[in-house]
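Start from the sequences and build out the full structure, keeping to the hints where you can.
If you read the sequences in order, they're chains A and B. Residue numbers for the first sequence follow my numbering, so the first one is 801 and each next one is one higher. Residue numbers for the second sequence follow my numbering, so the first one is 801 and each next one is one higher.
Incorrect hints may appear among the rest.
Note: identical chains are not told apart, hence a pair may lie in one copy or across any two.
What the hints assert, rightly or not - Restricting the straight-line Cα-Cα distance to at most 25 Å, the calculated cross-link-like pairs of lysine to any residue (SDA-like) are:
#	residue 1	residue 2
1	K811	T1113
2	K811	E1011
3	K1086	A882
4	K1072	R1218
5	K811	T1022
6	K1086	F1115
In short, the hints are calculated from the structure, not lab data. A quick note: this is a predicted structure, and the numbers were derived from the prediction, not measured.
2 protein chains.
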Amino acid sequence: MTTQEIMQAAKAAAPALATLTTEKKNAVLRAMAAALTEDTEAILAANREDLAAAEGSIAPVMLDRLRLDPSRIAAMAEGILAVAALPDPVGHVLGTTERADGLRIERVSVPMGVIAIIYESRPNVTSDAAALAVKAGSACILRGGREAYRSSHAIVGSLRRGLEAEGLPRALVSAVEDVSRASALELMTGAGYIDLLIPRGSAGLIRTCVENARVPVIETGTGICHVYVDAAADEAMALSIVHNAKTSRPSVCNAAEVCLVDEKIAKSFLPKLKKVLVDDRLAEGKPPVELRLDPGAAALVDGTPAAETDFDTEFLDYVLAVRTVRGVEEAIAHIAAHSTGHSEAIVTGDEAAAARFVAAVDSAAVYVNASTRFTDGGEFGLGCEMGISTQKLHARGPMGLCELTSYKYVIRGNGHTR
Amino acid sequence: MTTQEIMQAAKAAAPALATLTTEKKNAVLRAMAAALTEDTEAILAANREDLAAAEGSIAPVMLDRLRLDPSRIAAMAEGILAVAALPDPVGHVLGTTERADGLRIERVSVPMGVIAIIYESRPNVTSDAAALAVKAGSACILRGGREAYRSSHAIVGSLRRGLEAEGLPRALVSAVEDVSRASALELMTGAGYIDLLIPRGSAGLIRTCVENARVPVIETGTGICHVYVDAAADEAMALSIVHNAKTSRPSVCNAAEVCLVDEKIAKSFLPKLKKVLVDDRLAEGKPPVELRLDPGAAALVDGTPAAETDFDTEFLDYVLAVRTVRGVEEAIAHIAAHSTGHSEAIVTGDEAAAARFVAAVDSAAVYVNASTRFTDGGEFGLGCEMGISTQKLHARGPMGLCELTSYKYVIRGNGHTR
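Next up, the structure:
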């Protein structure tokens, strides 16, 4: 099918899902999980073809992200069952107004309709995204990475068997067949078919979507996250938070990329920071963190001199840009100029500084005395996540099932006219 | 100033407003209202120039929309004071999660930042929009119609005097100086400066924004609203509702444009509808409604044969397209194919039909036994309105102050790491 035909079919199928009961949606999800498990061998065979085709042309770390095995497929099926166990986000009365004249106005949560997701290589996103869309009552159109084409289509084939087993149209979960740029552009410009487009992946992918989309988009993921160590910080706490935010998983969007240090504490703090991030890690046989230092920091510890671009780069690696600042206001100004609006933290024992930082920093998640690594749907108690919004419209931060719904007003009268 | 400079200045000024107390914002609004009142003569003089320039080149109804007089300016000032009296939408804790490990996660409402509004000729939109933006904590950039250029700039000049009187930057409320298409395009593509763009006006304006915008947009206003008269309708109630929805104010977006009638009731109902909309109105000296009839309706009453386009046209006039349908499912299918997603109504005494219509019709406002004319921020109890969203992302239906805000997560720990 062409991408156009897939969009038409998804739009036509969506109403069948929008009004299902919670019980029926959960039965559908269980059938999808069962089909995925049954098809393990066929999915692994498709994945082996993807791996063979990609071998040598993509980096080993990417090849590992692409690789499936029985336990990863089992985890995908469990992920679908976990979504089935979450509360239904559709049909909640979000507000009620009863007017003096008896007209009753309710605001009720409803499905989006058709959600398109453009993502890069990990095949497990295919089943995660489909499960979230189905639970949220929306049809979905998935466009995964080219390298994972056969794996994603095999997974979607299984999910569709689950839909059919419950008597629902296959078109509720689709993967685009064309993985050229043309199909991505068709999704971005599919006004009238696509109610929401979510790009998940590199900054380049997200920029392309924002620049070309004629359909509503939620920008996700790019995270140049800052940790500001205030003059009133507990230094041991600050070391622990910066170490965790930088090194616990450097390839993810909520990892810290920049450490701002109040110059009043820098002389004491920075040598300790270098010890924790570089010397101790080397001694433990772990990858050390490369420090990219502004002149103020470079005067106090050894490291690489920072280029101007280092404060605007999502390293996603064991690299940390470090700058000294004159107090919380300069930290806030630096963040305003360089942040992607994802997650920022202050470490301080000064309540006034914390309050000022929280009020002035305009990011999805603002932390006081905690690591930026908590910005995650699971950690925030949403139970799941379709991505992390870095825009202000509709959803901000981790997007769970509620963030994948819209609402409508339902008004009941008895012949009311105006 | 160029539009680029205006956007830069607005972004730079926005933080000054974002963290103000409610009391201070209300004082600013009162100062804006006072300045507007004091400047009545100057605004009227500017308006006379606009009127003189527009005379002969725009329709009399548009000329009337452009015209200001002392009472209209007084109403604008009162509108600002009414916004001051509304609850502050910023700083509300929308949700709290306290984890077992003591990490406390709050979701807090925050301002958007910079809101751009592109609108057509009515000058009063200038002060309404500015007041709503200020109360919601956001800077605003206004681009009114070319015909109202002098009036809008005079109004913005007064509002800025009010800002200055309270010690705030003028750049919090700006009107673009260039009213060519170039300035609209600059706003639409002002990524990094504009957090939200709201077009208010014709379907053409809104389409241009959606097609060209690189910044988040909320589509507003276009309303092809339907009233479906079910077989189980109380005919007197249906007549009253259709008459009200069509004729009480035909130029507004929540007026009905299409009446769908169940064929089981059409033979009885349509002659009564024609009497109410045509014959009675003629007898009363009121403008009659032109009925554009599908073949099923044309077989039962006199009127104009409907062209296919009549079911996809926002007439904004005393014109009603009428079609007979085979029950609620055909009505739902017609609405799915032709509606703009604004407001639709069913008139019925059958609860099952009402429930099915409410569940299946995917519009911002769905009515049972009431006129579509209630879709309005004031009528819905929001106290005000920046426009009526017909999209599903972020806001749907009337947008009040809350719909002009975003949220962020504030997370407080005690050295928490992951």
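25 Å Cα threshold - placement of T1113 relative to K811: between (39 Å within a copy, 22 Å between copies)
Homomeric proximity label, K1086 with A882: Cα distance no greater than 25 Å: Neither way: K1086 and A882 sit 34 Å apart in one copy and 62 Å across, limit 25 Å.
Alpha-carbon proximity context of K811 and T1022, limit 25 Å: For K811 and T1022, only the inter-copy Cα distance (21 Å) is at most 25 Å; the intra-copy one is 30 Å.
Identical-chain pair category, K811 with E1011, by Cα at 25 Å: both (24 Å within a copy, 21 Å between copies)
Up to 25 Å CA-CA - R1218 versus K1072, copy category: Close across copies (21 Å), not inside one copy (70 Å); limit 25 Å.
Homo-oligomer pair classification [F1115, K1086; C-alpha up to 25 Å]: Intra 18 Å, inter 70 Å, cutoff 25 Å: intra-copy only.
The structure does not agree with numbered hint 3 stated previously, though it agrees with all others.
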